[in-house]
Amino acid sequence: MGDGDDKLLVTAGYTMNNVTVAGLYQEYEDDKTALLSVGVAMGNNNFVVKYGQTDWRDGYPTSTVWGIGAEHKLSKRSTAYIGYATSDDMYDDGKSTFSAGMIHNF
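In the UniProt record's numbering, the protein residues as written are 1 to 106.
Treat the hints as calculated values from the structure; they're not laboratory data. It is possible that some hints are incorrect.
To be verified - List of simulated lysine-lysine pairs, DSSO-like, C-alpha gap at most 30 Å:
(1) K73 / K7
(2) K95 / K50
(3) K7 / K95
(4) K50 / K32
(5) K50 / K76
(6) K32 / K95
(7) K73 / K32
(8) K73 / K50
(9) K76 / K95
Unchecked claim - Simulated DEER-style distance windows between Cβ atoms:
(10) E27 / N105: 19 to 25 Å
(11) K73 / L24: 35 to 41 Å
(12) L74 / N18: 27 to 33 Å
(13) K73 / D31: 16 to 22 Å
(14) G13 / T62: 22 to 28 Å
(15) D88 / V38: 19 to 25 Å
(16) S75 / Q26: 31 to 37 Å
(17) G13 / G101: 32 to 38 Å
(18) V49 / L74: 42 to 48 Å
(19) E29 / F106: 24 to 30 Å
(20) T64 / G43: 17 to 23 Å
These numbers were taken from a predicted model, which means no experiment stands behind them. Here a beta-carbon is modelled for each residue, glycine too, at the ideal position from N, C-alpha and C.
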């Protein structure tokens, strides 16, 4: 790293019974990002809600993102997922993303 490359990343998570809470805080140059997620496991399903904000470009308005999602364990090695996320910033009133898929670990 050269002079002026200031970086900080802190993450933490805690699981109690079937609820997991996780957080992230990051600083990179003038950008600051915070993200919080909560997941609830129910049987073969896991439901997640996430919310985050970024302050960037020397104090210009905040960019905000939130999302919801679900995972279903099909087997020990396969998981299907579905999710929705939206974000907005000073240039845009909102961009939304929908995703669905399957993960298989070989």
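Comparing the hints with the structure gives:
no.	hint	in the structure
1	K73 / K7	violated, 36 Å
2	K95 / K50	holds, 16 Å
3	K7 / K95	holds, 28 Å
4	K50 / K32	holds, 17 Å
5	K50 / K76	holds, 25 Å
6	K32 / K95	holds, 21 Å
7	K73 / K32	violated, 34 Å
8	K73 / K50	holds, 20 Å
9	K76 / K95	violated, 34 Å
10	E27 / N105: 19 to 25 Å	violated, 34 Å
11	K73 / L24: 35 to 41 Å	violated, 25 Å
12	L74 / N18: 27 to 33 Å	violated, 19 Å
13	K73 / D31: 16 to 22 Å	violated, 36 Å
14	G13 / T62: 22 to 28 Å	holds, 24 Å
15	D88 / V38: 19 to 25 Å	holds, 21 Å
16	S75 / Q26: 31 to 37 Å	holds, 35 Å
17	G13 / G101: 32 to 38 Å	violated, 24 Å
18	V49 / L74: 42 to 48 Å	violated, 22 Å
19	E29 / F106: 24 to 30 Å	violated, 39 Å
20	T64 / G43: 17 to 23 Å	violated, 32 Å
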